[in-house]
Amino acid sequence: MDFALFLEWTVKSLVLIFGLLFGFAYLTFYERRLLARFQVRIGPNRAGPWGILQPIADAFKMILKEDLTPSQADKVLFIIAPVLTMAPVTILAAIIPWGTSVNILGREITLYLADISVGILFLTSVASIAVYGIVIAGWSSNNKYAMLGGLRSTAQMIAYELALGLSFVSVILLANSMRTLDIVAQQRDLWFVILQPVGAVIFIIATLAEVNRAPFDMVEAEQELTAGYHTEYSGMKFALFFMAEYEKMIVISMIGATLFFGGFREFWFLKETIFSVDRLPWLGPIYLFIKLLIILFGMVWVRATLPRLRYDRLMALGWKVLLPLSLVVVFITAAGILLKEQLNNSLYLAIIPVLSIFAGLVAVALVARDLRRKENARS
Amino acid sequence: MHVLEPFFALIKGFWTTFRSFLEKPITYQYPEVKRPVRPRFRGRHELKRYANGLEKCIGCALCAAACPADAIFVEAAENTDDARYSPGDRYASTYEINMLRCIFCGFCEDACPTEAIVLGDNYELSFFDRQDGIYAKDRLLEAVHDPIMLTPQKTPPGIFTRSVPEMQNPTD
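Protein chains in written order, with my numbering: chain A, 688 to 1066; chain B, 76 to 247.
Cβ-Cβ distance ranges computed for the label pairs, FRET-style: (1) B:Q104 / A:P994: 24 to 32 angstroms; (2) A:I973 / B:Y105: 35 to 43 angstroms; (3) A:L980 / B:L85: 21 to 29 angstroms; (4) B:L85 / A:L1034: 30 to 38 angstroms; (5) A:S1066 / B:L85: 17 to 25 angstroms.
Straight-line distance between alpha carbons at most 27 angstroms, and here's what the computed DSS-like set of lysine-lysine pairs gives: (6) A:K1007 / B:K87; (7) A:K831 / A:K762; (8) B:K87 / A:K1061; (9) B:K99 / B:K109; (10) A:K752 / A:K831; (11) B:K87 / B:K99.
These are calculated hints, taken from the structure and not from any lab test.
Beta carbons: idealized from backbone N, C-alpha and C, even for Gly.
Using the sequences plus the hints, can you model the full thing?
Dropping the structure here:
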């Protein structure tokens, strides 16, 4: 390994880590401003022009706050927990491709950190480590609300990880590869969201549950659990949890963009123009960033719109609706690909969206019927 | 139709929030832009003067008696024609309102026989020192635009004999 390669990796890692930190800080700002607009307010606009220094003020406040450790807490685990939540998120950012490669000073530099052949598998395995952090935080705090929050989080994450994993499977089948680069390359002509819309919807719902966002923020249900697993945390340790949560949002949105929305590839209407990624590789990161902003806007929009789910309904949705539906979707995807390969006609791929939308409609109808029956039984 | 009903409901909900996203924020940028108060708003008290500058307050302490929070302290002294503060015999030599106790009920305003104390528009009453919470006459008394109007005034004898003026019905 020559020195230049080492330097390249170091620089890229640093860019990624600091980019995530910066992204976290400004995601909180982005969210607060957007949420304020949804509630016909203005939002933070005092610190600096348009309030752009607000995240810095928040960071200072966090750092200067007293770092409290409860006397009865399990000290070692209490300190490890935030780190354990934070680390996997940062690791995950490594597998997201920002572009193909660019030429800087005569050196071909790839716009991704790690090109793992089993990228998606790596993603699911690393992502599930984060739940340990939350459980340990809940346990070591010696606080019943934290404990309940941690337990809820475990149950929720396990329930939705299955649906999430299965929505990955349909993408893997479509791309015929687990490499994120291959998946993006396969979406040159058609984004997978068009080929597998129900899979994308399942992914989005499961993602919201995985990152504990509204309407699935049962883990931190203020009215019931004060602050959930991080009730006892303050100062920098709390900031780490907060950071992990928002960075998870960023990373999972980028993964969503990569898997279903063409990753760093240009928007469909820019294909074959000068703005194509093939012509200008530097546009890759910009396209991914735009897609990221759009997905995050969607997340904030969902938070502004939907109320929190009741816990039993949350579990019922995960186990009784999303899991069977995603199994059906995987089956349909596999069948469609098999038909296409056996009969050698790409048109057969069209049965994938048609059948999966049908399956999705059936699922929605069944849920609606069930809810209506409960309503009738009550009245 | 039945199958798509949940989707219509979902779209309706999301559209509702998106519509409010497009609305103009209703926030007042407070320190720069102040929201105008209502006509009968009850803010900080003001001790009013007559047109010639004499104080309306005659030191009767009815406001102190009416105050449910016991926030007002009044001490009266005698007027003379050489040093006249208010019409009639007596004036308030000390008039203090403890803003830490005041509940802004406006009973003092109602109790006042001369309409001397009026709850004004000022609601920016923050202070750092507890002692600053006690507003004395120097801060409560209405400002004058002409130094001639300042009290005490030297007045000709036999004019300002009546403590309570002719009153009209309130307009607001």
